[in-house]
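S.K.: Residues per chain, in single letters:
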Amino acid sequence: MSMTRHGGTVHWANPAQPALSAATAPSVSHGASHRSERLGLSSRLTAGWPDTDRPDPLRSHLDRYGPLPHLGTGRHGALIDAVTRAGLTGRGGAGFPTGVKMRSVASRRGEPVVVANGMESEPASEKDKALLSRAPHLVLDGAVLAATAIGASTVHLCLPSSREGLISIAQRAVDERARNIGAQVSIEVHAMPHRYVSSEETSLVHWLNGGDARPTAAPPRPYEKGVGGRPTLLDNVETLANIALIARFGPSWYRQAGLADAPGTMLTTISGAVDAPGVYEIEVGTPVGEVLARSGARPDVGAVLIGGYFGTWHDAQQVARLPMAATALRAVDASPGAGVLVALPPGACGLTETARVLAWLADQGAGQCGPCMFGLPAIADDFTQLASGRPRGPVLDRLDRRLGAVIGRGACRHPDGAVRLARSALRTFAADVNSHVSGRVCLPGRQSEQPRAVLPLPPPTGEEAWR
Amino acid sequence: MRQRVAVDPIACTGHGICAEMLPELIWLDEWGYPMLAEHDVPRHLAGLARRAVRLCPTLALRLEASSADRNLPAGAEGRLAGGERRR
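Residue numbers (our numbering), protein chains in the order written: chain R, 1 to 467; chain E, 1 to 87.
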């Protein structure tokens, strides 16, 4: 397994690999196989990153990856078939098969719409920002190709309003395409409120339809009835970038990286107790320990958070050999999420870290569903009592009851994600839980301002507008 | 047709009338919001269930076909591994 660090050394793959098999190859232009051979097994999305610190201009992007292929349109189009055969799954966190989603949207009545989700509300993730700011045209290629395949004429690219630099990069890339290759598909860049739940797919649709960037009750789901009431294909920007690669080089090439049941590469954001935090492209299925080691994780890392703030804590030793892939991580009730790994430094308190994140998640709710609106602050408060070693009453019993009470009871997955994080902390830091409950608190738990906070948190957004 | 009770969690503001009408299938959490039985509405409670739906002040409570949600392509909505669903 190989991997490439954002800005680091590129490990080129063996160039003697066939690019496409005849059975699966869509019509591929001359030069595609030559180009695919130059992409490494784990430097596909990041191939151009080492060359420049700026967004790859259209001309150099097309030199690197080749021109946009034409793969036909409609539900029987070659691209949907190629994406399905490639086994691509969504890179935004849920991991749903992208080909199935494309076909579902394409088979519904009415002209569909494409929404590219670049909101990246996960504080421990920076991969969407890194991808869009280095290879914006790869994402736009994928969005345009997906739109053409399903018969859509509009793409909405949703970005957080707080990332102004990224918005201008995206807009410049859109303008550059319009000037140079014309605009078969219209691409609109949107700046949306940046809150944890505003990246949820129904939030995007609701906002694009003129409402708040808050989740709505489903069904109908966006693929049935989304933007403007139309069937809507909503994909993470990294997923779209992968579509751009599959369209050019085919499913067999795509499957050369990764596992048979979880092919391709994924962007991961690694932080915490590592020497070289940042965004890495890895083959899906690279063992967690290997990913951490290559980012310079210290050998005495005790615990690791997998999947972000809806993710799970684990003993670092126990997951070291597990492949970073949804299929394998399921065995320990984990998921790669949006590709987040945070190494907890020795001496940091996992309960204190979790309490901080839970309080932030409670603040980030949409304030719409009672169990989430009242339950998450109560759970965060219980956790803070636990972390500080000053529990009021039987805090563990109360927590257990409350965690069970809020799961599955929101319009979106916000409460479920918070519960998942909390439960994994109680499991992984069980020894700490016992000592905290009996008043033997570790050092970070006793310091009220937590000078050694590990997990990054944006400032509370409070009453910031949802429009 | 087999039915079960369901609630729109956004519309629900926790009046709690449903739990009074139908304690066999609906009870309130500590914040006053309804928690629902996952099994079907038994025939002898069908009339009461319809009445609870009509009396919900925010029109959040509904009866739905037991299989309604299961017709969606699994996970098309973005799922969370290990999350039990209770509606």
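Treat the hints with caution; some may be incorrect.
Partial pick of chain R residues on the chain E-facing surface, computed with a CB cut under 10 angstroms [to be verified]:
{"id": "1", "residue": "Arg163"}
{"id": "2", "residue": "Ala178"}
{"id": "3", "residue": "Arg179"}
{"id": "4", "residue": "Asn180"}
{"id": "5", "residue": "Ile181"}
{"id": "6", "residue": "Arg214"}
{"id": "7", "residue": "Ala217"}
{"id": "8", "residue": "Pro371"}
{"id": "9", "residue": "Phe374"}
{"id": "10", "residue": "Ala378"}
{"id": "11", "residue": "Ala405"}
{"id": "12", "residue": "Gly410"}
{"id": "13", "residue": "Ala411"}
It should be emphasised that the hints constitute simulated quantities derived from the structure, not laboratory data. Cβ atoms here follow ideal geometry from the backbone N, Cα and C, with glycine treated the same way.
S.K.: Hints first: check each against the structure and report whether it holds.
M.R.: Tested hints:
The interface hint given for Arg163(R) is violated, since its Cβ lies 22 angstroms from the closest Cβ of chain E, which is over the 10 angstroms cut-off. This hint is violated: Ala178(R) has a C-beta 32 angstroms from the nearest C-beta of chain E, more than the 10 angstroms allowed. Taken as an interface hint, Arg179(R) does not check out: its beta carbon lies about 36 angstroms from the nearest beta carbon of chain E, beyond 10 angstroms. Against a cut-off of 10 angstroms between C-beta atoms, the interface hint on Asn180(R) is violated, since the closest Cβ of chain E lies about 35 angstroms away.
Below 10 angstroms, beta-carbon pairs count as interface contacts, and Ile181(R) has none with chain E, the closest being about 32 angstroms; its hint is therefore violated. Interface restraint check: Arg214(R) against chain E, minimum CB-CB distance 8 angstroms, threshold 10 angstroms, status holds. Residue-level restraint check for Ala217(R) holds (minimum Cβ-Cβ distance to chain E is 5 angstroms; threshold 10 angstroms). Nearest Cβ of chain E to the Cβ of Pro371(R): about 5 angstroms, under the 10 angstroms cut. The hint holds.
Taken as an interface hint, Phe374(R) checks out: its beta carbon lies about 4 angstroms from the nearest beta carbon of chain E, inside 10 angstroms. Here the hint on Ala378(R) is kept, as its CB sits about 8 angstroms from the closest CB of chain E, short of 10 angstroms. The interface hint given for Ala405(R) is met, as the beta carbon of that residue sits about 5 angstroms from the closest beta carbon of chain E, less than 10 angstroms. Hint status for Gly410(R): holds, given a least beta-carbon distance of 6 angstroms to chain E, under 10 angstroms.
Annotation: interface hint on Ala411(R) holds; nearest CB of chain E at approximately 5 angstroms, less than 10 angstroms.
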